[in-house]
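Protein chains: 2
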Amino acid sequence: MILSKASEYSIRATVFIALKSLEGEKVNLKEISIQIESPEAFTSKLLQLLKKSGIVRSSLGKSGGFDIEKEKLESLNLCHIVNAVDGKADYSVCIMGLKACSDNVPCPMHSQYRNIKQNLNDLLHNTKLLTLAKKLRTGQVFLTN
Amino acid sequence: MILSKASEYSIRATVFIALKSLEGEKVNLKEISIQIESPEAFTSKLLQLLKKSGIVRSSLGKSGGFDIEKEKLESLNLCHIVNAVDGKADYSVCIMGLKACSDNVPCPMHSQYRNIKQNLNDLLHNTKLLTLAKKLRTGQVFLTN
DNA sequence: TTTAATTTGGATAAATTAGTCCAATTATAT
DNA sequence: ATATAATTGGACTAATTTATCCAAATTAAA
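Sequence lines, in order, name chains A and B.
Position one of the first sequence corresponds to residue 352 (the numbering used here), numbered consecutively onward.
Position one of the second sequence corresponds to residue 352 (the numbering used here), numbered consecutively onward.
Since the hints were derived computationally from the structure, they do not count as laboratory data.
Errors might be hidden in some of the hints.
Stated by the list, open to error - Across the chosen pairs, the derived CB separations fall in these ranges:
no.	chain 1	residue 1	chain 2	residue 2	range
1	A	Asp-441	B	Lys-403	28 to 38 Å
2	B	Lys-485	A	Ser-409	49 to 59 Å
3	A	Glu-374	B	Pro-390	50 to 60 Å
4	B	Ala-392	A	Thr-482	44 to 54 Å
5	B	Ala-392	A	Lys-485	44 to 54 Å
6	A	Asn-472	B	His-476	15 to 25 Å
To be verified - Okay, derived cross-link-like pairs now, BS3-like style, lysine-lysine, Cα gap no bigger than 27 Å in a straight line:
no.	chain 1	residue 1	chain 2	residue 2
7	A	Lys-450	B	Lys-371
8	A	Lys-450	B	Lys-413
9	A	Lys-421	A	Lys-396
10	B	Lys-485	A	Lys-381
11	A	Lys-468	B	Lys-485
12	A	Lys-485	B	Lys-450
13	B	Lys-356	A	Lys-377
14	B	Lys-450	A	Lys-450
15	A	Lys-356	B	Lys-479
16	B	Lys-413	A	Lys-439
Said to hold, decoys possible - Just so you have them, the derived chain A footprint on chain B, three or more residues with Cβ under 8 Å:
no.	region
17	376-384
18	437-446
19	456-468
Note that the Cβ used here is the ideal one computed from N, Cα and C, for glycine as well.
Please build the complete structure, drawing on both the sequences and the hints.
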């Protein structure tokens with residue numbers, strides 16, 4: 352698995368919240384965990400982390416729930432999400448686990464892994480939450496399991 | 352981290368054993384764990400798994416140790432190693448953790464992740480242990496941490 | 001033949017990740 | 001006002017991964 356469960360759930364959750372936010376709606380924990388098929392209590396914890404990082408916003412009390420502010424939605428990418436729940440996610444580390452590995456002191460797999468690593472990093476940095484939510488809205492992609 | 356610690360250590364260990372095997376030498380646990388900078392007892396467990404999968408060979412008693420048979424060395428790739436210590440490693444799974452995700456029912460990231468996933472799989476399937484060991488022998492790449 | 005260096009195997013421990021449960025707080029809607 | 005539906009926070013549990021320790025078995029060398 353490339354991403355942790357925490358990251359997987361968080362990405363699914365934020366994409367779903369983003370979709371709702373696009374329509375000016377907020378959504379509560381229960382519906383989120385039903386829609387993305389994630390354990391409710393665990394998802395709650397993740398939403399708290401996402402909130403602490405300023406990624407989602409929550410409103411308290413009856414008919415409370417979660418949403419993502421318009422401006423945020425424009426800027427958020429997958430790195431932000433992964434970092435919020437897993438701490439610094441770094442896909443630039445050596446695939447063999449060598450700390451010293453670099454272009455100058457390469458591990459035996461360095462050259463072959465280089466591009467993949469770069470592409471993975473790019474994917475996380477360049478994939479915008481907004482883009483994913485809009486895709487979802489078109490009905491061409493899915494969040495169902 | 353892309354690979355588990357178990358896989359990282361195992362790859363480093365087998366590459367080192369392969370290097371020695373190329374020169375007709377076997378090498379013992381202690382030296383392996385020193386050279387690849389891995390915890391000795393844990394590495395021992397991994398070597399047992401690799402042995403059970405027929406990847407490495409061991410000789411018992413004083414001046415015992417590990418090596419890899421010539422023929423094996425020709426055929427082994429990274430998949431074999433990762434599978435031996437981590438069970439079936441599958442990098443074809445959905446990055447968002449959706450079981451239903453496929454070309455027909457894609458998750459929002461499916462198209463962007465598709466190539467990366469393919470490249471990762473290719474890397475593991477096509478990278479031969481022998482190639483890595485030979486590279487190491489040239490002194491252009493390193494196993495040091 | 002004894003000693004010493006090694007693998008083997010089993011039990012156990014520590015750390016991390018994944019997940020649950022419940023009480024307290026908050027605020028809307030009846 | 002009050003009941004109700006929601007987030008919040010803390011303690012707890014479970015599962016998996018990453019290790020450690022030690023005794024037994026094996027075999028080469030002294």
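Now for the hints, and whether the structure bears them out:
Restraint check, Asp-441 (chain A) to Lys-403 (chain B): a C-beta distance of roughly 33 Å satisfies the suggested window 28 to 38 Å. The hint said 49 to 59 Å for the Cβ distance between Lys-485 (chain B) and Ser-409 (chain A), and at roughly 57 Å that hint holds. Distance hint for Glu-374 (chain A) and Pro-390 (chain B): a CB-CB separation of about 53 Å, consistent with the stated range 50 to 60 Å. Range check, Ala-392 (chain B) to Thr-482 (chain A): about 47 Å between beta-carbon atoms, so the 44 to 54 Å window is met.
Range check, Ala-392 (chain B) to Lys-485 (chain A): Cβ separation about 52 Å, and the 44 to 54 Å hint holds. One distance hint, 15 to 25 Å for the beta-carbon pair Asn-472 (chain A) and His-476 (chain B), holds here, with the actual separation near 23 Å. Note on Lys-450 (chain A) and Lys-371 (chain B): the hinted pairing holds, with a Cα-Cα distance of about 23 Å set against a maximum of 27 Å. Distance hint between Lys-450 (chain A) and Lys-413 (chain B) is unfulfilled; the C-alpha atoms sit about 34 Å from each other, more than 27 Å.
The hinted pair formed by Lys-421 (chain A) and Lys-396 (chain A) meets the criterion: a straight-line CA distance of about 23 Å does not exceed 27 Å. A threshold of 27 Å between alpha carbons decides the hint, and for Lys-485 (chain B) with Lys-381 (chain A) the separation of about 56 Å lies outside it, so the pair is violated. Annotation: proposed proximity of Lys-468 (chain A) to Lys-485 (chain B) holds, straight-line Cα distance about 23 Å (limit 27 Å). For the proposed pair Lys-485 (chain A) and Lys-450 (chain B), the alpha carbon gap of about 22 Å is at most 27 Å, so the pair holds.
Taking the CA atoms of Lys-356 (chain B) and Lys-377 (chain A), the gap is about 41 Å. The hint is violated against a cut of 27 Å. Among the hinted pairs, Lys-450 (chain B) with Lys-450 (chain A) is inconsistent with the structure: their alpha-carbon atoms are about 34 Å apart, more than 27 Å. Annotation: proposed proximity of Lys-356 (chain A) to Lys-479 (chain B) is violated, straight-line Cα distance about 31 Å (limit 27 Å). Note on Lys-413 (chain B) and Lys-439 (chain A): the hinted pairing is violated, with a Cα-Cα distance of about 46 Å set against a maximum of 27 Å.
Under the rule that three or more residues need a Cβ within less than 8 Å of chain A, the assignment of the region 376-384 of chain B is violated, with 0 such residues. Residue count for the region 437-446 of chain B with a Cβ under 8 Å from a Cβ of chain A: 3. That meets the three needed, and the coverage hint holds. Note: the region 456-468 of chain B has 10 residues with beta-carbon separation from chain A under 8 Å; the three-residue rule is met and the coverage holds.
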